[in-house]
Amino acid sequence: MDRNEALAKLTDNVVEVLAVDPSAVTMEANFFDDLGADSLDLVELVMALEETFNVEVGEDELKDISTVGAAFELIYAKL
Amino acid sequence: MSRHVIITGASRGIGAAIAQHFIDLGDKVVGMSRSGTTPQGCVKSFAVDVSNSTSVNEAVKASIEEFGPVEVCVVNAGVTRDGLAMRMTDEQWREVMATDLDGAFYTARATMASMVRNRQGSIIFIGSISPFIGVPGQANYGAAKAGLVGLARSLAQEVASRSITVNVVAPGLIETDMTSDLGPAKDQMMAMIPMGRIGQPSDIAGVVGFLASNHARYITGAVIASDGGLALGH
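Just so you know, the protein sequences line up as chains A and B, in that order.
Those letters in the first sequence? Residues 2 to 80, per our numbering, in order.
Those letters in the second sequence? Residues 585 to 818, per our numbering, in order.
Chain B extracted, bound-state conformation (with noise of 0.2 Å):
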């Protein structure tokens, strides 16, 4: 399809997945990452912190120089820095709200005026079961990813009249780095998942793909979670 996407977080986990799913499309895919390194088949790679807006900016302006308006933008980037609040640190804290939504909130505003003067344009947030479940040890990522629902209805408002569509998918528990640590934690997850097995990370690829399609074009604010169950109900 040839679509110029841009996708932040894709070196690894979720974010590779969904990188990989755009290239298989045949479209012109765009990684960011803190590294630089995304996945093979991209037709370009940025070492990016999306914590820093200039970072952002700077990358950004020069995919839409190489490659024109953005199409599709995914806002992946996520970092985790579990703990009981109480003993939370304040920079355990601002690290995953500089990331999780300072980033997402840079890299969404970076790409929306070339998508407005386009007249289409895609935006999905990756963003979790985490807050409508409430998980201990998470008050930092689970604020800033509910954090994320309340940016993605304000933008869908924004934008809708440009035929743009903002969305969020909330993943469960998926099989990546960011879940390979989370120790027994993870087994008492897995027993409450109803479809009684852990995500894959294609399994959230899929949902953006949708989302990114012509099949979605009237689906704006929504949330749609892919989690085998895991927040039935919420």
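Chain A on its own, in the form it takes in the complex (with noise of 0.2 Å):
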């Protein structure tokens, strides 16, 4: 899978997940600051991207993910 294809895959999810426009969901974008999650709403995503890419995130990664971008990095390393 090409990184766009990936980009695009993920993008999909944050829209579903956390109900926002795709058009905030860049690469800079801050889940808790700037698309209004919480950390339940950010275990839901990962659990939808693990299901989405076939991937599993660690417990210890989830500090990691504070940006589209952040998530997007590793789980792309996944792949």
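Quick caveat, the hints were computed from the structure, so don't treat them as lab data.
Predicted model, so just to flag it, every value in this text is computed and none were measured.
Note that beta-carbon positions come from the ideal geometry of N, C-alpha and C, so glycine has one too.
Hints may contain errors.
Claimed, not checked - When the alpha-carbon atoms are kept at most 30 Å apart in a straight line, the in silico DSSO-like pairs for lysine-lysine are as follows:
1. Lys79/A to Lys628/B
2. Lys79/A to Lys64/A
3. Lys10/A to Lys79/A
4. Lys628/B to Lys645/B
5. Lys10/A to Lys64/A
6. Lys645/B to Lys10/A
7. Lys64/A to Lys645/B
What the hints assert, rightly or not - Quick list of simulated restraints, FRET-style, between CB atoms:
8. Ala646/B to Asn55/A: 16 to 24 Å
9. Ala7/A to His818/B: 50 to 58 Å
10. Glu74/A to Ala646/B: 29 to 37 Å
From these two lone chains plus the hints, build me the complex, please.
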């Protein structure tokens, strides 16, 4: 899967789980400050991403995910 | 009402009565038990060993695929292996902890994600008044059932923002197979019940039904005893 395809899938997940507008999902967007997520939302999003990309994200990796870009790099590195 | 209701330990006793309660309301009741036998009227039955998280996860996943998000989860499966603590074996301790506490966590964990996504749900743990009054011979059971209260309150905090309630119903002495072999202890306990009678499984099912209903949407993290007053003041 190339980066653009992966990013599109990730964006779909973010839009669906967080109920935000696709235009708000930029690489720099912070899940908590910009996208209005709470910790439970983030867990939900990670579970959705695990399913979509068939990867596993460890509990200790969750704390590194603050922005859409960080989430993307974490997931993409696992593909 | 046709809600997707999952009940563990549904084959007999309190679990079977709870299953019947929801069946009578027209809900889609999925029964889980070790044997896989559950009351007639359940839309599906699974043979599940709740102390095995893989067994729990697979059954819950299959249930969600067929009936959608879990709306009510009644964590009822439990066993007793009574004995005075000084003579209690590791196996007696582990077996009760594995089914009554580990199993409760595994079941709740497996159903929670679908509730969070669905922004609604009720998780109801069947506890016991045993840890509130201290019952000799039940160090294992009392510890596991007390553990459910802490488990429920943590979960209640975690998912409250998603309109999911998590509560504990604590039965007193109820007429089931589990209490049929208590021997003389049963008569002693009977004498301590202010209402002077043993409870019926339906006395518990009614409380569970209430906690799962729209009348109880603002109740979470609560422990409700249904015990004829046996644990009054605790």
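To see whether the hints hold, each was checked on the structure:
no.	hint	result
1	Lys79/A to Lys628/B	violated (38 Å)
2	Lys79/A to Lys64/A	holds (17 Å)
3	Lys10/A to Lys79/A	holds (15 Å)
4	Lys628/B to Lys645/B	holds (13 Å)
5	Lys10/A to Lys64/A	holds (22 Å)
6	Lys645/B to Lys10/A	holds (24 Å)
7	Lys64/A to Lys645/B	holds (28 Å)
8	Ala646/B to Asn55/A: 16 to 24 Å	holds (20 Å)
9	Ala7/A to His818/B: 50 to 58 Å	holds (56 Å)
10	Glu74/A to Ala646/B: 29 to 37 Å	holds (35 Å)
Checked against the numbered hints given earlier, the structure breaks only hint 1 and satisfies all the rest.
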